[in-house]
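Asks: Read off the chains here:
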Amino acid sequence: MTLLKVENLTLGFDTDEGRIIAIDDISFELESGEVMGLVGESGSGKSVTAKSLMKLNPDNAVYDPSTRITLTLDDGDVDVMSLRTAREMQVVRGGAVSMIFQEPMASFAPAISIGDQMTEQLLLHSSMSKREATELSIEMLNHVGISDAPSRFNQYAFELSGGMRQRAMIAMALSTKPKLLIADEPTTALDVTIQAQVIDLMKDLVAEYGMGIIFITHDLGVIAQTADRVAVMYLGKIVETGTVRQIIRSPKHPYTKGLLNALPDLNDLGAPLTPVAGDIPSPLERPPGCVFNTRCPEVIEGRCDAALPEVTDLGAGHHVSCFAVPQPVETSV
Amino acid sequence: MTDTPLISASNLSVHFPIAGGLFGPKKFVRAVDDVSIDIAPGTFFGLVGESGSGKTTLGRALLKAVPITGGHVKYSDNGVNYNLGELSAADLKEYRKRAQLIFQDPYAALSPRMTVRDIIAEPLEVMKLTSSREETDNRVREIAAKCRLNLEHLRRFPHAFSGGQRQRISIARALVSNPRFLVADECVAALDVSIQADILNLLNSLQTELGLTFLFISHDLSVVAHTCDHVAVMYLGQIVEIAPTKKLFSKTLHPYTKALLSAIPDLDPDAEKTATKLEGEIPSPINPPSGCKFHTRCPFAQDRCTAEVPEWREFDDEHFVACHFADELNL
Amino acid sequence: MTDITDTPVTSEAEAERHRKEAYFTASQGQLIWARFRKQRAAMIGASVLMVMILLGLFAPFLSPYDPTIAGRDKEYEYGAPQIPRFWDENGFSARPFIYGVERTRSIKTNFRWVTTVKKDQRRYVYLFVDGWKYSLIDIALGFPGRAFSIEFKLLTFSTHLFGVDKGSIHLFGTDVSGKDIFSRTLHSIYTSLAVGTIGVLIAFVLALVIGGVSGYYGGWIDGLLQMITDAVRTIPAIPLFMALAAFVPDTWSAELRFLFISTILGLIGWPTLARRVRTHLLTERSQEYVLAAQLCGAAPGHIIRRHLLPSFTSYIIVDLVISFPYMVLSETALSFIGLGLKDPVNSLGVMLQNVSKADVLLNYQWHFIPVLFFIALVMAFVFIGDGLRDAADPYASTKK
Numbered sequence: 097m098t099l100l101k102v103e104n105l106t107l108g109f110d111t112d113e114g115r116i117i118a119i120d121d122i123s124f125e126l127e128s129g130e131v132m133g134l135v136g137e138s139g140s141g142k143s144v145t146a147k148s149l150m151k152l153n154p155d156n157a158v159y160d161p162s163t164r165i166t167l168t169l170d171d172g173d174v175d176v177m178s179l180r181t182a183r184e185m186q187v188v189r190g191g192a193v194s195m196i197f198q199e200p201m202a203s204f205a206p207a208i209s210i211g212d213q214m215t216e217q218l219l220l221h222s223s224m225s226k227r228e229a230t231e232l233s234i235e236m237l238n239h240v241g242i243s244d245a246p247s248r249f250n251q252y253a254f255e256l257s258g259g260m261r262q263r264a265m266i267a268m269a270l271s272t273k274p275k276l277l278i279a280d281e282p283t284t285a286l287d288v289t290i291q292a293q294v295i296d297l298m299k300d301l302v303a304e305y306g307m308g309i310i311f312i313t314h315d316l317g318v319i320a321q322t323a324d325r326v327a328v329m330y331l332g333k334i335v336e337t338g339t340v341r342q343i344i345r346s347p348k349h350p351y352t353k354g355l356l357n358a359l360p361d362l363n364d365l366g367a368p369l370t371p372v373a374g375d376i377p378s379p380l381e382r383p384p385g386c387v388f389n390t391r392c393p394e395v396i397e398g399r400c401d402a403a404l405p406e407v408t409d410l411g412a413g414h415h416v417s418c419f420a421v422p423q424p425v426e427t428s429v
Numbered sequence: 599m600t601d602t603p604l605i606s607a608s609n610l611s612v613h614f615p616i617a618g619g620l621f622g623p624k625k626f627v628r629a630v631d632d633v634s635i636d637i638a639p640g641t642f643f644g645l646v647g648e649s650g651s652g653k654t655t656l657g658r659a660l661l662k663a664v665p666i667t668g669g670h671v672k673y674s675d676n677g678v679n680y681n682l683g684e685l686s687a688a689d690l691k692e693y694r695k696r697a698q699l700i701f702q703d704p705y706a707a708l709s710p711r712m713t714v715r716d717i718i719a720e721p722l723e724v725m726k727l728t729s730s731r732e733e734t735d736n737r738v739r740e741i742a743a744k745c746r747l748n749l750e751h752l753r754r755f756p757h758a759f760s761g762g763q764r765q766r767i768s769i770a771r772a773l774v775s776n777p778r779f780l781v782a783d784e785c786v787a788a789l790d791v792s793i794q795a796d797i798l799n800l801l802n803s804l805q806t807e808l809g810l811t812f813l814f815i816s817h818d819l820s821v822v823a824h825t826c827d828h829v830a831v832m833y834l835g836q837i838v839e840i841a842p843t844k845k846l847f848s849k850t851l852h853p854y855t856k857a858l859l860s861a862i863p864d865l866d867p868d869a870e871k872t873a874t875k876l877e878g879e880i881p882s883p884i885n886p887p888s889g890c891k892f893h894t895r896c897p898f899a900q901d902r903c904t905a906e907v908p909e910w911r912e913f914d915d916e917h918f919v920a921c922h923f924a925d926e927l928n929l
Numbered sequence: 007m008t009d010i011t012d013t014p015v016t017s018e019a020e021a022e023r024h025r026k027e028a029y030f031t032a033s034q035g036q037l038i039w040a041r042f043r044k045q046r047a048a049m050i051g052a053s054v055l056m057v058m059i060l061l062g063l064f065a066p067f068l069s070p071y072d073p074t075i076a077g078r079d080k081e082y083e084y085g086a087p088q089i090p091r092f093w094d095e096n097g098f099s100a101r102p103f104i105y106g107v108e109r110t111r112s113i114k115t116n117f118r119w120v121t122t123v124k125k126d127q128r129r130y131v132y133l134f135v136d137g138w139k140y141s142l143i144d145i146a147l148g149f150p151g152r153a154f155s156i157e158f159k160l161l162t163f164s165t166h167l168f169g170v171d172k173g174s175i176h177l178f179g180t181d182v183s184g185k186d187i188f189s190r191t192l193h194s195i196y197t198s199l200a201v202g203t204i205g206v207l208i209a210f211v212l213a214l215v216i217g218g219v220s221g222y223y224g225g226w227i228d229g230l231l232q233m234i235t236d237a238v239r240t241i242p243a244i245p246l247f248m249a250l251a252a253f254v255p256d257t258w259s260a261e262l263r264f265l266f267i268s269t270i271l272g273l274i275g276w277p278t279l280a281r282r283v284r285t286h287l288l289t290e291r292s293q294e295y296v297l298a299a300q301l302c303g304a305a306p307g308h309i310i311r312r313h314l315l316p317s318f319t320s321y322i323i324v325d326l327v328i329s330f331p332y333m334v335l336s337e338t339a340l341s342f343i344g345l346g347l348k349d350p351v352n353s354l355g356v357m358l359q360n361v362s363k364a365d366v367l368l369n370y371q372w373h374f375i376p377v378l379f380f381i382a383l384v385m386a387f388v389f390i391g392d393g394l395r396d397a398a399d400p401y402a403s404t405k406k
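Keeping their order, the protein sequence lines are chains A, B and C. Everything in the first sequence is counted per this note's numbering, starting at 97 for the first residue and increasing by one. Everything in the second sequence is counted per this note's numbering, starting at 599 for the first residue and increasing by one. Everything in the third sequence is counted per this note's numbering, starting at 7 for the first residue and increasing by one.
Calculated from the structure, these hints are not laboratory results. Treat each hint with caution, since some may be false.
Result set (EDC-like, lysine to aspartate or glutamate): computed pairs, CA atoms no more than 16 angstroms apart in a straight line [as the list claims (entries may be wrong)]:
#, chain 1, residue 1, chain 2, residue 2
1, B, K695, B, D675
2, A, K275, A, E394
3, B, K856, B, E877
4, C, K139, C, D94
5, A, K273, A, D170
6, B, K845, A, D364
7, A, K151, A, E184
8, A, K273, A, D364
9, B, K844, A, E130
10, A, K275, A, D170
11, B, K844, A, E113
12, B, K849, B, D915
13, A, K299, A, E130
14, B, K672, B, E684
15, B, K856, B, D915
16, C, K44, A, E130
17, B, K875, A, E113
18, A, K353, B, D866
19, B, K726, B, D689
20, A, K275, A, E125
21, C, K44, A, E113
22, A, K273, A, D315
23, C, K44, A, D364
24, C, K172, C, D228
25, A, K273, A, D324
26, B, K845, B, E912
27, A, K299, B, D868
DEER-style ranges, computed between Cβ atoms [unchecked claim]:
#, chain 1, residue 1, chain 2, residue 2, range
28, C, L288, B, G809, 32 to 42 angstroms
29, B, V678, C, G307, 46 to 56 angstroms
30, B, K624, C, A305, 25 to 35 angstroms
Virtual Cβ for every residue (Gly too), placed ideally from N, Cα, C.
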């Protein structure tokens, strides 16, 4: 069943330099038990999108009135945009929706023990007693593979290594049994061997808890191993969505193709690396029309810089926004 | 090939003392421990390792930016020879002209209050390589053009540029003094994938054009594999394997290298998992394990590994390894 | 960067591009100023401060009477403020005027002055009148124990902005001996600003040197200098000034005393600034761009000058501006309790020396008008300091 529905999310920031548009009219859906990868580079707006789901953006964020974010929970739908007070947001934040961040050191309070932070969250969102919360937290720590969980429970964030902190954060995020987990670059700061462990852990947990995950990263390899569906973002717009195999094996958008070509291929060490031409435009200088037209190798002059491309349905869940992609012929697939 | 290596380190150690208590034995962080490495001129030499491996310290030791606690490092290029352990102040200044560093973080490596032109010109002015402002300007423009920087942007300050552009400014600054040896310390790690490829191509073309030697430090084995012709793998302060790139992949000798390779997430979602996934955490460099430092996580560890430090030996042509069981393991 | 070739380049797009280019090529000072300008409170503070400085600098010109005992009005002691008016029952006058007064006192009034305002005696206010002499450069320093003293006057004028044809005009009233409070207020603004400036300058120079050496070299030098800094910081101000007041001989001229007080304030004010300089340096020293400069073989002097000093100039200016009002208030407090400046040098503290009597508090409240000026002055500094502090790190928002 559809767990999350985002429609026409548009967000801008009011800064000294003017109104910067961070996300421009994106829409996507997430099913329960599905891992959706949100791929993009810096400036693509993926982190801002994630934070929007929990309304965690700073005060100078301005949402367009046509934005709708709907969460389908056990007791009905929740319209996230209409939640105003912190009390109402509590339902969403930490309760039904949990988030894990890139830099675990920055997300744990340095002067409070890990255990205290985990139980605090549980006590806020459920009616457990302190003892029950402690027991559950230690069990979660064990579950994520932290050895010697009872003594780790009382330790502080700086006493754990990077990989363990990330696991503790996953434990903390999962202890409230959220329906939706947002993972914002959870493995980027980790060593590659630790990253492999954490990815395995997350896949096991998805299988066990059946929650939906939005996995944000710029690393296509990690996406290939963890995601079921992928959305590719550039400068605040989703340019292509599809299953992970569709995106990796038959990408249609020039940006997606460019990203994949720029990656070093371990099976063909001699092949040259082809970067995506040009530089990402400054957010103050959004190109008109299709945002990618200034760097696109398949740009159609006069068309791509004049209008926004519509979403083309390529069948089987594969969507792309590009003038250069031909409309699929009406044949039976 | 038997030309003299440009940089030759033998039994190099860099130990940092830890400010600790007044009592008890002094503790050290053994960042680099008994490392021997030869870098031939004109090569793009990769150095791979995870956190705590000591790769950054090794790179800086080869530039004499950190004090050398033990062993030797020799620089030799066309008759100019330096022993980095015993450099006089004047020789150090000369060496600095020939060996430079490109930093990882493009946002921290450029002084935010200087224009791009001044940033690139600074080494020329400090090292007194040019005699007039005009000469400096010409040289700055020349290097900036080589690094594909827009010459109109030389008047701007760093806050006007993106990460990739800043990294190009960093590279231009490193090249302006005409060095022979460049240490690129994770210089693409902070960049997006598409820009990463751009910078790597730039480094490659600069190397061919200017005849440079690179030591490319990275934690990303796939990036190293594509750009470097030789690779050294470090773990906890020691080099465990050195080989030409293709050989490292086709005939991996050390279990750690194999684990690193298999830990890289495959771009193919259906790829078979033949991996030896490593368990456990990286030990602390203050109290490293005895014998072979990798034995705590090695799937093939035996008693001998705990007791005896493996010998660093040449297994094959240009292929070095430190493992007791390199001959037997068929990784 | 690709240009938009299809759409015609309007002047609006040009202006936009100029603005962006200006942003890209803006130096740190320009960026800070741009951010500072947007804060209304800070800009108001800055205007108020400018006005105050001008008032202080031009105090002799603006004051109708000599603020020292030499200019006192014997006929109008403890006199109420006289505000010029344009209109009364006798008619309108384009030229503002005040009334003549007659004062009597006798045993019947408890020896308190009774003032009768003579409405038919109009005293007209004129601009640019001739009055008491003042010199723009007037130095009279007698160094103790030495044979010589410096005394010279330059640029002596006698024109004042306004005055009356007959009698005298006291906009803020007079004090116990008839000294014009308006004139004294303007001169005291100048004195307080001067004391603050000298004190802050001395503190700043010392802080830069000591904090700078401490922060740059670290190690045992840092430890030693920090111990000295902490020791100086714990010196209590009031006992120190009591001791100094006892030590300073009466033969010192007012100006010398003034210099002395300012210097001492500076000498005990440097530790706070020094600690901040040291902290800034310790952070900046480990930045990668400093390492890059060191790897070129740059000498410490070059690094300090080119990289470290500019990096914390903005913070230090904020610290300076914020510590200014503390200097002014310290001097005011000390002079008020008699340990600082004395007549004939004017400062707010000196002016407040006599106001603690019940008589003044109950009957002659105009003695407190100068306090309003000082509140304005201190608040101006506070707002400017806050504004600068908010504007001071223009690079914070561009970090990823």
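Asks: Next step is simple, just say for each hint if it's right about the structure.
Replies: Status of each hint after checking the structure:
1. A distance of roughly 13 angstroms separates the Cα atoms of K695(B) and D675(B); the hinted pair therefore holds under the 16 angstroms criterion.
2. At roughly 41 angstroms between alpha-carbon atoms, K275(A) and E394(A) are farther apart than 16 angstroms, so this suggested pair is violated.
3. Only pairs whose Cα atoms come within 16 angstroms are accepted, and K856(B) paired with E877(B) is accepted, the gap being roughly 14 angstroms.
4. For the hint linking K139(C) to D94(C), the alpha-carbon distance of about 34 angstroms lies beyond 16 angstroms, and the restraint is violated.
5. Between the alpha carbons of K273(A) and D170(A) the distance comes to roughly 12 angstroms, so the proposed pair stays at or under 16 angstroms and holds.
6. At most 16 angstroms may separate the alpha-carbon atoms for a hinted pair to count; K845(B) and D364(A) meet this at roughly 14 angstroms.
7. Annotation: proposed proximity of K151(A) to E184(A) holds, straight-line Cα distance about 11 angstroms (limit 16 angstroms).
8. At roughly 43 angstroms between alpha-carbon atoms, K273(A) and D364(A) are farther apart than 16 angstroms, so this suggested pair is violated.
9. Of the pairs offered as hints, the one joining K844(B) and E130(A) is violated, with about 38 angstroms between alpha carbons and a cut-off of 16 angstroms exceeded.
10. Our distance criterion of 16 angstroms between C-alpha atoms is met by K275(A) and D170(A), whose separation comes to about 9 angstroms.
11. Distance hint between K844(B) and E113(A) is unfulfilled; the C-alpha atoms sit about 50 angstroms from each other, more than 16 angstroms.
12. Pair hint K849(B) plus D915(B) holds up; C-alpha atoms about 12 angstroms apart against a cutoff of 16 angstroms.
13. Distance check on the hinted pair: K299(A) and E130(A) sit about 11 angstroms apart at the alpha-carbon level, within 16 angstroms; holds.
14. A C-alpha spacing of about 10 angstroms is found between K672(B) and E684(B), which places the hinted pair at or below 16 angstroms, so the restraint holds.
15. A C-alpha spacing of about 20 angstroms is found between K856(B) and D915(B), which places the hinted pair above 16 angstroms, so the restraint is violated.
16. Between K44(C) and E130(A) the alpha-carbon distance is near 48 angstroms, which puts this suggested pair outside the 16 angstroms criterion.
17. Restraint check: the Cα-Cα separation between K875(B) and E113(A) comes to about 48 angstroms, which exceeds 16 angstroms; the hinted pair is violated.
18. Of the supplied pair hints, the one linking K353(A) and D866(B) holds, its CA atoms being roughly 15 angstroms apart against a limit of 16 angstroms.
19. Straight-line distance between C-alpha atoms of K726(B) and D689(B) comes to about 15 angstroms, which keeps the hinted pair within the 16 angstroms bound.
20. Straight-line distance between C-alpha atoms of K275(A) and E125(A) comes to about 14 angstroms, which keeps the hinted pair within the 16 angstroms bound.
21. A hinted pair counts as satisfied when its Cα atoms are at most 16 angstroms apart, and K44(C) with E113(A) qualifies at roughly 12 angstroms.
22. A hinted pair counts as satisfied when its Cα atoms are at most 16 angstroms apart, and K273(A) with D315(A) does not qualify at roughly 27 angstroms.
23. A distance of roughly 56 angstroms separates the Cα atoms of K44(C) and D364(A); the hinted pair therefore is violated under the 16 angstroms criterion.
24. For a cut-off of 16 angstroms, the pair hint linking K172(C) to D228(C) is broken: about 67 angstroms separates their Cα positions.
25. Proposed proximity of K273(A) and D324(A) is contradicted: the alpha carbons are some 21 angstroms apart, above 16 angstroms.
26. Proximity of K845(B) to E912(B) is assessed by CA-CA distance (about 14 angstroms); at most 16 angstroms being required, the pair is judged to hold.
27. A C-alpha spacing of about 15 angstroms is found between K299(A) and D868(B), which places the hinted pair at or below 16 angstroms, so the restraint holds.
28. The given range of 32 to 42 angstroms is respected by L288(C) and G809(B), whose C-beta atoms sit roughly 41 angstroms from each other.
29. Take V678(B) and G307(C): their Cβ atoms lie about 29 angstroms apart, and the range 46 to 56 angstroms is violated.
30. Distance hint check: the CB atoms of K624(B) and A305(C) are about 32 angstroms apart, consistent with the given range 25 to 35 angstroms.
Of the numbered hints given earlier, the model fails hints 2, 4, 8, 9, 11, 15, 16, 17, 22, 23, 24, 25, 29; all others are met.
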